[in-house]
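*Asks:* Sequence:
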Amino acid sequence: MGNPASRCKSNHEGDDGSPDSHDRGFGSRLGITPAWARLCERFRWVDQPDGTRKRHRQAIPRLGGVAIVIAYASAYWIVELLWDLPAWPNSASLPGQLAPAAAVILWTGILDDLWELRPWEKVLGQTTAALLACWGDIRVDTWFGWHLPEGLSIAVTVFWLLLATNAFNLIDGLDGLAAGLGLLASMAMCLAGLVQPDPGLVLATAPLAGALAGFLRYNFAPASVFLGDSGSLVVGFLIGSYAVIWTQKSAATVGLLVPAMLLAVPLVDTCLAIVRRLIIGQSLFEADARHIHHRLLERGLTVRDTVLGLYAAAVLGASLSLAASLLRGHAAGVTVLLFLIFTVLGVRALAYPELASLAELIGKGELQRWIRVHARLKELEEQLVRTTDATMRWRLIHQAMRELQIEPSRLVAPLPAASTDRHEKAVAVAVKRMGTPRIGVGFSVEASSLVPSVSYLASVAGLARLTSTYLQDTHEPRIADLEAGGAQPAVVAPSSKA
1 MGNPASRCKS NHEGDDGSPD SHDRGFGSRL GITPAWARLC ERFRWVDQPD GTRKRHRQAI
61 PRLGGVAIVI AYASAYWIVE LLWDLPAWPN SASLPGQLAP AAAVILWTGI LDDLWELRPW
121 EKVLGQTTAA LLACWGDIRV DTWFGWHLPE GLSIAVTVFW LLLATNAFNL IDGLDGLAAG
181 LGLLASMAMC LAGLVQPDPG LVLATAPLAG ALAGFLRYNF APASVFLGDS GSLVVGFLIG
241 SYAVIWTQKS AATVGLLVPA MLLAVPLVDT CLAIVRRLII GQSLFEADAR HIHHRLLERG
301 LTVRDTVLGL YAAAVLGASL SLAASLLRGH AAGVTVLLFL IFTVLGVRAL AYPELASLAE
361 LIGKGELQRW IRVHARLKEL EEQLVRTTDA TMRWRLIHQA MRELQIEPSR LVAPLPAAST
421 DRHEKAVAVA VKRMGTPRIG VGFSVEASSL VPSVSYLASV AGLARLTSTY LQDTHEPRIA
481 DLEAGGAQPA VVAPSSKA
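Okay, so the sequence shown: first residue is 1 according to my numbering, each after it adds one.
FYI, nobody ran anything at the bench for these hints, they're computed from the structure. Don't be surprised by glycine CBs; every beta carbon is placed ideally from N, CA and C. Any given hint could turn out to be false.
[Unchecked claim] Pairwise CB distance ranges (calculated):
hint: 1; residue 1: G309; residue 2: Q399; range: 53 to 63 angstroms
hint: 2; residue 1: V347; residue 2: E41; range: 36 to 46 angstroms
hint: 3; residue 1: L301; residue 2: V344; range: 18 to 28 angstroms
hint: 4; residue 1: E41; residue 2: A375; range: 55 to 65 angstroms
hint: 5; residue 1: K364; residue 2: T391; range: 14 to 24 angstroms
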């Protein structure tokens, strides 16, 4: 579910991109990020430009997630040492709850950065980490006020953690984008912990915000260190885990919507990517350049403006999520409604051709007709399987053609031939539509218009396939008129050129 495109971060001009060129910020004062970047350069743990997707000018250290984890752990230890804050819920410490899971997700990201794991290997590592988090009592216990059984609670939690983790992995396509979104989300949850109050949530998220703020100084355009999968997976996983804790004190009616609103930008981008790829039949694991930030770049925005614009959208989502978590009753519902309106308007503004085409098909009823055609063809195939009589099979096909509004004039099926080449045994189905031109769709067909509908072509193609499959060995049967006054199909051997 990770996207290899997340490794192409920089396509812009700026300073030399070296770690020492940035001399301000939290990370600079600690020195963790520049020191780690130099270590990555020494061991060649870098992302090399390729002139296509990876258009940065020079090799850039790519294991930024390790620097974030070191900074986060150090900051957490310092805060816990200096202030006598309440422990994590149920008197357990944060490291004891999430350290095993965080270690698994970190190593999964490191291995993917260095050797590019296969999709199932990444999902396995993420699922293992999610189960370890559940073992540490990070669980979604309620569903809109309903208490979930333990098994269902674990399943929902694992799904949410996988979604949040991969959402940050997919959105990590521009310098500073994923790290900045993580910073905003952690700051929002820290603020929520102060208001509710929830000292444990504050203790968990404040050091994370500090670590991300320090790292972002080196990761913002033009980046001198890349977040990498080691960073995007860890950030997404930790924020997803803390969001679960946050929802436990949110209004029961909107509890599960609060983290979705908080992570609106990465989650909407992930959902759009899944829908787009399903519509066009593209693999869910195949990289592309069609994410939200790519669409904004195509509109003429610069990398910096695109990132800042998505930051603004994230601030809006975080503000609405904070309001929804604190409000009750109708006020919380109004907040959710506003969020949905803004989301729909934003998606429409992106104007994805795949979504526009789907909406057009639904609006014109073409999608429903295509589903009806597909169902009728499935029914026809079941009927053809149940009989071996050639005449009955022809009769069933003719009846289906009538129902699908295809008027048959001649059906041509191959006779047994010496050649075993299935291409030479192909079936041509000719159908007649009065006063219309002839077009090619893999077999002879006369269509109702120059550009036939999807459902019409699906009808003809499906009938051709079924005729070829179930009547390919038919020997010129004597078939009477199938209907009074109707067309009389004739079975003839195809020519050598068929």
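*Asks:* Now tell me if each hint is right for this structure.
*Replies:* To see whether the hints hold, each was checked on the structure:
1. G309 to Q399: 53 to 63 angstroms: The hint (53 to 63 angstroms, Cβ to Cβ) holds, given that G309 and Q399 are roughly 57 angstroms apart.
2. V347 to E41: 36 to 46 angstroms: holds (40 angstroms)
3. L301 to V344: 18 to 28 angstroms: holds (21 angstroms)
4. E41 to A375: 55 to 65 angstroms: holds (60 angstroms)
5. K364 to T391: 14 to 24 angstroms: Taking Cβ atoms as reference, K364 and T391 lie about 38 angstroms apart, which means the hint is violated.
Comparing the model with each earlier hint shows a violation of hint 5 alone; every other hint is respected.
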